[in-house]
Amino acid sequence: MFFRDNPRGLHHELWIHAAGCRQYFNMTRNTVTYEILETYPIGSKPQFTDQGEKA
Numbered sequence: 001m002f003f004r005d006n007p008r009g010l011h012h013e014l015w016i017h018a019a020g021c022r023q024y025f026n027m028t029r030n031t032v033t034y035e036i037l038e039t040y041p042i043g044s045k046p047q048f049t050d051q052g053e054k055a
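Here the sequence shown stands for residues 1 to 55, numbered as in the numbering used here.
None of these hints come from the bench; they were simulated from the model. Note that CB positions come from ideal geometry on N, CA and C, so glycine has one too. Heads up, a few of these hints could be off.
[Unchecked claim] Quick list of the computed label-pair ranges, beta carbon to beta carbon:
#1 A19 to T49: 12 to 20 Å
#2 Q47 to Y24: 17 to 25 Å
#3 Q23 to K45: 14 to 22 Å
#4 R22 to T49: 25 to 33 Å
#5 F3 to K54: 28 to 36 Å
#6 L37 to I16: 14 to 22 Å
#7 H11 to G43: 15 to 23 Å
#8 K54 to F25: 25 to 33 Å
#9 T33 to D5: 16 to 24 Å
#10 G9 to T39: 15 to 23 Å
Starting from the given sequences, assemble the full structure and let the hints guide the process.
Written out as structure tokens, the structure is:
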């Protein structure tokens, strides 16, 4: 069990594709609607800001 803050709104996270290619990637998702807004490579910056606007 993991315990961490889960703020409402946009959240930038690090994920691993454990069942497939085992690659790490970043993802921006909305914690209220569960909508995935984008995925982007490690070392890149997200296109969406914390206010939900494209940068």
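Each hint tested on the structure:
no., hint, verdict
1, A19 to T49: 12 to 20 Å, "violated, 31 Å"
2, Q47 to Y24: 17 to 25 Å, "holds, 19 Å"
3, Q23 to K45: 14 to 22 Å, "holds, 19 Å"
4, R22 to T49: 25 to 33 Å, "holds, 30 Å"
5, F3 to K54: 28 to 36 Å, "holds, 32 Å"
6, L37 to I16: 14 to 22 Å, "holds, 19 Å"
7, H11 to G43: 15 to 23 Å, "holds, 19 Å"
8, K54 to F25: 25 to 33 Å, "violated, 19 Å"
9, T33 to D5: 16 to 24 Å, "holds, 18 Å"
10, G9 to T39: 15 to 23 Å, "holds, 18 Å"
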